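Working from the sequences, and respecting the hints, build out all of it.
Line by line, the protein sequences give chains A and B.
Each residue of the first sequence is one higher than the one before, counting from 1236 in the working numbering.
Each residue of the second sequence is one higher than the one before, counting from 138 in the working numbering.
A few of these clues could be false.
[What the hints assert, rightly or not] Covered stretches of chain B, as calculated for chain A (at least 3 residues, CB under 8 Å): (1) 145-153; (2) 187-196; (3) 200-207.
[Said to hold, decoys possible] Simulated restraints on C-beta separations: (4) A:F1542 / B:P274: 49 to 55 Å; (5) A:H1661 / B:E226: 48 to 54 Å; (6) B:P206 / A:K1396: 21 to 27 Å; (7) B:V207 / A:A1413: 39 to 45 Å.
[Stated by the list, open to error] List of simulated lysine-lysine pairs, DSS-like, C-alpha gap at most 25 Å: (8) B:K197 / A:K1396; (9) A:K1388 / B:K197; (10) B:K197 / A:K1253; (11) A:K1410 / A:K1601; (12) A:K1439 / A:K1410; (13) A:K1445 / A:K1601; (14) A:K1601 / A:K1451.
If you are wondering where the hints come from, they were derived from the structure by calculation, not from laboratory data.
Here the structure is a predicted model, which means the values were calculated and not measured.
A virtual CB, placed ideally from N, CA and C, is assigned to each residue, including glycine.
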Amino acid sequence: MGKTIVIQPVTRIEGHAKVTIHLDDTGNVNQARVNVIELRGFERFCVGRPVEDMPRITPRICGVCPWSHHLAAAKACDAVFGVEPPPAGAKLRELCNSIAYMEEHILHFYFLAGADFLLGPDADYSVRNVIGVLQAAPEVARRVVRVRHMCAKMLEILAGKAIHPQAAVPGGFSKPLAKEERDQLRHMADEALELARFSIAFAKENVFPKYLDVVKSLGVITSGFIGTVRENGALNLYDGKLRLMASDGSYDDFPYDRYTEYIGEHIESWSYLKFPYAKKRGGFSLEDNAPGLYRANTLARINVCDFIDTPLAQAELEEFRQKFGRPAQLTLLYHWARLIELLYNAENAIRLLHDPDVTSLETRVKVTPRAARGVGCTEAPRGTLIHDYTTDAEGMITNMNLIVGTTHNNAPINLSVTQAAKSLIHDGKYDQGVLNRVEMAIRAYDPCLSCATHRLDGKMSVKLDIFDATGGLLDSFAN
Amino acid sequence: MPTHEFALPEFCSKPVLILAIGNVFFGDDGFGCALAEFLETHFDVPGSVCLLDAGTGVRKLLFTLCLSPVRPRRLLIMDAVDFGREPGEWFEIDPSEIPVVKLDDFSMHQLPTSNMLRELQQQTGVEVRVLACQTGPLPTEIRPGLSEPVRRAVREAAAWVAREYFDAAAVAAR
Chain A
1236 MGKTIVIQPV TRIEGHAKVT IHLDDTGNVN QARVNVIELR GFERFCVGRP VEDMPRITPR
1296 ICGVCPWSHH LAAAKACDAV FGVEPPPAGA KLRELCNSIA YMEEHILHFY FLAGADFLLG
1356 PDADYSVRNV IGVLQAAPEV ARRVVRVRHM CAKMLEILAG KAIHPQAAVP GGFSKPLAKE
1416 ERDQLRHMAD EALELARFSI AFAKENVFPK YLDVVKSLGV ITSGFIGTVR ENGALNLYDG
1476 KLRLMASDGS YDDFPYDRYT EYIGEHIESW SYLKFPYAKK RGGFSLEDNA PGLYRANTLA
1536 RINVCDFIDT PLAQAELEEF RQKFGRPAQL TLLYHWARLI ELLYNAENAI RLLHDPDVTS
1596 LETRVKVTPR AARGVGCTEA PRGTLIHDYT TDAEGMITNM NLIVGTTHNN APINLSVTQA
1656 AKSLIHDGKY DQGVLNRVEM AIRAYDPCLS CATHRLDGKM SVKLDIFDAT GGLLDSFAN
Chain B
138 MPTHEFALPE FCSKPVLILA IGNVFFGDDG FGCALAEFLE THFDVPGSVC LLDAGTGVRK
198 LLFTLCLSPV RPRRLLIMDA VDFGREPGEW FEIDPSEIPV VKLDDFSMHQ LPTSNMLREL
258 QQQTGVEVRV LACQTGPLPT EIRPGLSEPV RRAVREAAAW VAREYFDAAA VAAR
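Pasting the structure below:
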């Protein structure tokens, strides 16, 4: 009789997920699913509210990517009101985005993925945690704590607060940057760049070579990719156009507000998370290398951009592409791409802090309510984030659609887990290290599931279904 | 070596850390935040105590605490829960006493927060306590403001926090 293995909760990701693996009668993997069980419902919550509330409300969707939601909401408001922020307003927003990115990417590499790489995926579960990272690499941990705290202080200087930001407003940014503050921030950005350079050098010397066999084999699938690029094809994480690339490297570019022409959303009964797909390239399919399948997040952005317009990150991108080609498909390369982005964001922050526009007092323009639809899009650390608002003549929200970063990766995460499970579990045999490698395949995507799900009742359901090899339900538990 | 003063955040360096958690847009889920505000406005918070409203962003602070070479001796988490008790009932939870099956249900805005509290308590020696308040039904739309039972609980719980943490800090400082 087949057996179902359940990993719940998946450790060290944001949000709740259950991994269900179905074995056949021979003890080999028949199917694996990542069931998202976290619930939210923000799209419905916001209908009927003033659209200018969205940059204040949406950062509290889950507290993990507050700046991404804050900025996407502000951009959607700009579009609804039909305005463009002045250069200082746009650049201050982008500067906050780069700093928030640094904090997030440092958190992921050193805290979430760190236990895998610094302690090893086969390390005992009791040490494979954040405290274990500190004990294994105390000097690195101290430096990481310092720089993350420094990033939070930078955001406080720029925006008044780091948690639950409010400084981006419809039409721009509420607080000009004083020259004395700018000078203080320059020193801090320089230190962040040092850690970024250290991080990628450390990883290339001590991490990736050691785990190259895992990188080349774990969770590997073939897909297209989505990300944001400037008009000239350069990587940009705050603004630009969307590029949806197929697995052969061909692509479509389109402005944000036409995303519904290119991205469809499919729903499966076993997950609260939607399944976006590239609808012009094919219908939805949960098959590897399906024409409509695409991924978001760091590896996707590195793949779709033609180049990076900061020198150190561009040099890293060139080295990366020499090794892995374009588009690179190996799932664990998300970690490498994340460090390239960390470097880019540090360089970008320094570049913006040397831009004379950033201390201009003209940071916002006036806005007037109108009946309109507006789409705001940024690249959240976890993927392309789309806020789509429709308002009435009073500026009240009448309809809202969100596609959050992790949602784009729903199908790919499921495929990577299936691939990982099939390659690691044979004849019914597995141990903790093997199960953690399956989780590693998920963690590479840095998923945040808490804002990616949409249901109204707010309850969290936890259910374990056990199926035999014929698909018959053997038992069902719920709490 | 950089000379600016961002070596350690206060929430790592002060002996006592009190973290308020919650989403103020959803009724009683804002209990922790309301309690923090009440403590700030009705009590003298000792200098050795760091009282922070972390909102829905507590995990980033806990990650930093886990990695920091310096940590508080005592950590108190203040949050709303749904344990099926009477709305407004407030009680203490020891992270080590949370049944494994409940670690997922005990949502302080998602894992791995609960795991990190246990790890802090068991592996670093930080005294970790959780002050929880049973909510009434949470709204299905954005509706700030506490229900009457939970509002009463704020005042009572604040007195307990002050006795356990503010008075104790004053004693320790002598």
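Evaluation of the provided hints:
no.	hint	in the structure
1	145-153	holds (count 3)
2	187-196	holds (count 6)
3	200-207	holds (count 6)
4	A:F1542 / B:P274: 49 to 55 Å	53 Å, holds
5	A:H1661 / B:E226: 48 to 54 Å	51 Å, holds
6	B:P206 / A:K1396: 21 to 27 Å	26 Å, holds
7	B:V207 / A:A1413: 39 to 45 Å	32 Å, violated
8	B:K197 / A:K1396	14 Å, holds
9	A:K1388 / B:K197	14 Å, holds
10	B:K197 / A:K1253	23 Å, holds
11	A:K1410 / A:K1601	14 Å, holds
12	A:K1439 / A:K1410	39 Å, violated
13	A:K1445 / A:K1601	55 Å, violated
14	A:K1601 / A:K1451	52 Å, violated
Of the numbered hints stated above, those contradicted by the structure are hints 7, 12, 13 and 14, listed in ascending order.
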